[in-house]
Every structure is written in structure tokens, then in C-alpha cells.
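We have chain A; now place chain B onto it with these hints.
Chains as they are written, first to last, in the working numbering: chain A, 9 to 135; chain B, 9 to 135.
Quick caveat, the hints were computed from the structure, so don't treat them as lab data.
Just so it is clear, the structure is predicted and the values come from calculations on it, not from any experiment.
Treat the hints with care, as some may be off.
It does not matter which identical chain is used: a pair holds within one copy or between any two.
With a Cα cut of at most 27 Å, we get these calculated DSS-like pairs of lysine-lysine [unchecked claim]:
| hint | residue 1 | residue 2 |
| --- | --- | --- |
| 1 | Lys-102 | Lys-85 |
| 2 | Lys-126 | Lys-38 |
| 3 | Lys-102 | Lys-38 |
| 4 | Lys-126 | Lys-79 |
| 5 | Lys-119 | Lys-85 |
| 6 | Lys-85 | Lys-126 |
| 7 | Lys-119 | Lys-79 |
2 protein chains.
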Amino acid sequence: MAKRQPRKTGGGCKRSLCPIANVLDLVGDKWTLLIVRDLLFIGKRRYQELADSPEHIPTNILADRLKRLEKEDLVAKAPYQTNPVRYAYSLTPKGADLKPVLLAMVTWSGKHVPGARKPPAKFLKGM
Amino acid sequence: MAKRQPRKTGGGCKRSLCPIANVLDLVGDKWTLLIVRDLLFIGKRRYQELADSPEHIPTNILADRLKRLEKEDLVAKAPYQTNPVRYAYSLTPKGADLKPVLLAMVTWSGKHVPGARKPPAKFLKGM
Numbered sequence: 009m010a011k012r013q014p015r016k017t018g019g020g021c022k023r024s025l026c027p028i029a030n031v032l033d034l035v036g037d038k039w040t041l042l043i044v045r046d047l048l049f050i051g052k053r054r055y056q057e058l059a060d061s062p063e064h065i066p067t068n069i070l071a072d073r074l075k076r077l078e079k080e081d082l083v084a085k086a087p088y089q090t091n092p093v094r095y096a097y098s099l100t101p102k103g104a105d106l107k108p109v110l111l112a113m114v115t116w117s118g119k120h121v122p123g124a125r126k127p128p129a130k131f132l133k134g135m
Numbered sequence: 009m010a011k012r013q014p015r016k017t018g019g020g021c022k023r024s025l026c027p028i029a030n031v032l033d034l035v036g037d038k039w040t041l042l043i044v045r046d047l048l049f050i051g052k053r054r055y056q057e058l059a060d061s062p063e064h065i066p067t068n069i070l071a072d073r074l075k076r077l078e079k080e081d082l083v084a085k086a087p088y089q090t091n092p093v094r095y096a097y098s099l100t101p102k103g104a105d106l107k108p109v110l111l112a113m114v115t116w117s118g119k120h121v122p123g124a125r126k127p128p129a130k131f132l133k134g135m
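Bound-form chain A, shown alone (with noise of 0.2 Å):
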């Protein structure tokens, strides 16, 4: 996490060497994120469940972070039923492990925001 000069890919786009920029370039955005958490947590796995997540993400940014989150592999989506063709999204074994970046935010929060709401302890389980 020294200061470094940035390297360029093979797509000729920059990305830095830190692994902290690394995360935050796939999942560094607060959409991203919540996304996971309902994934992961509170186990949502259609489009529609996605989009009533109570900080009303927007419907265009739920597609975008959805297709970014499949085109790096950290969600996975199959159909669950055809004609209309519906997908069922879940997290891949690379998305999964996110959680411990999760469960440190839900730890930061129960100290520093007032009325933070605490989890269920199954959620903190590994913790």
C-alpha cells in the first residue's frame, strides 16, 4: 500500500497494486455492497426482492451492479422459470467471502452510530 506507480493491464486500463484498491474497484460503491449484504444475509435471490431492499435502490443501478457483480464473478444467476425466462441470483464462493468485510462494518457500527440496529447473532457467527 506504498505509494507506487499504477500498472496497466492488458486492457491497457489502469489499476493500482494496493489490494484495498483492488476490492474497492469490484465493490466500492454503496449499491455494490448492499447487494451483497442482501445476498448474503437475508438470503434474496430475485431481481424484484433486490430491488424492495429498504434504501430504495434505484432499478437501473440494481442492473448495472448486478451484471458488474456477474462479470467478476462474485454473483451467479440461473433461471428459476422460463417463458418469461426469470433469473435467481446468488453469490458465488468469491462473493461469499466478502462477509468478514460485512461483519467488521456491522461491528464498526454498533460501536459509532447511535441506534444502529444490531444483527441477529446468526449473522455474526465467525465474527
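Showing chain B alone in chain A's frame:
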């Protein structure tokens, strides 16, 4: 983190009850967490040092995020010279408590991002 309606704060803006969303409201963008990284792990203090990060944070975003971090009591600033006045930035205890979040990202990156650089061992104390 179950599905619940957001509540209204005194200012009329809606805030999620979810502890993860609470954190993301404060630091839920790539640039903010990179600033926290630089202050926490790399020991940067001055505006120009922060602006010189290898990820090339735009200076208008840097200035905006520092103001927000200060407003939320995650960062403190103190003058290190006068005429013209120049400020040094540092994490408050609340900001420094984000360390486990960033360390969890380092762990994830080490497992899932090919070529991610491993940080020096001193950064990994307390993991």
C-alpha cells in the same frame, strides 16, 4: 438487516436501520476508503500527500471527501503552519476503528485478486 422501512431523521432525510448501510452512508465510496487507507496505513498527513496517491484521486473529490470525513468525526485537521495556513489530517479514534474493515478487504484481495500485492506484515497486526 431484515427488510424494514427506513426511518426519518430529524433533518427529514431517510436513514436505513441496517448497520451495514449506516457505515456505507459514511464511507461507501471508493475514494473515501482510499483516503482512510492512506491516513491509517501509510501515514500520510498533508493534502498534497493524499492527492499524490497512486490511484490519482481527483482533487475536487479529495477536498469534498475530507470535508465529509471531518464532519462525521472520522478525520481531524490541525494547522501545521500559518501564513498561509496549511492543515495536517489524521484519523480520529472513530476513523481508526475502520481498520478491521480494511484488513478484511486485504484478506479477501489476497485470496481472490491475482497479482494483488501483499502488504507489509506490520499492517496485518491484529487481524
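Hint-by-hint comparison with the structure:
Taking CA atoms no more than 27 Å apart as the test, Lys-102 paired with Lys-85 passes inside one copy only; the shortest distance there is 14 Å, against 38 Å between copies. When the C-alpha separation of Lys-126 and Lys-38 is checked against a cutoff of 27 Å, the pair qualifies both within a copy, at 20 Å, and between copies, at 25 Å. In this homomeric assembly, Lys-102 and Lys-38 come within 27 Å of each other (Cα to Cα) both inside a single copy, at 19 Å, and across copies, at 20 Å. In this homomeric assembly, Lys-126 and Lys-79 come within 27 Å of each other (Cα to Cα) only across copies, at 25 Å, whereas the closest approach inside a single copy is 33 Å.
Taking the closest pair of Cα atoms, Lys-119 and Lys-85 come within 27 Å of each other only across two copies (23 Å); inside a single copy the shortest separation is 36 Å, beyond that limit. Taking the shortest alpha-carbon separations for Lys-85 and Lys-126, neither the intra-copy value of 30 Å nor the inter-copy value of 32 Å comes in at or below 27 Å. When the C-alpha separation of Lys-119 and Lys-79 is checked against a cutoff of 27 Å, the pair qualifies only between copies, where the shortest distance is 18 Å, while the shortest distance within a copy is 35 Å.
Taken one by one, the earlier hints fail for this structure only at number 6.
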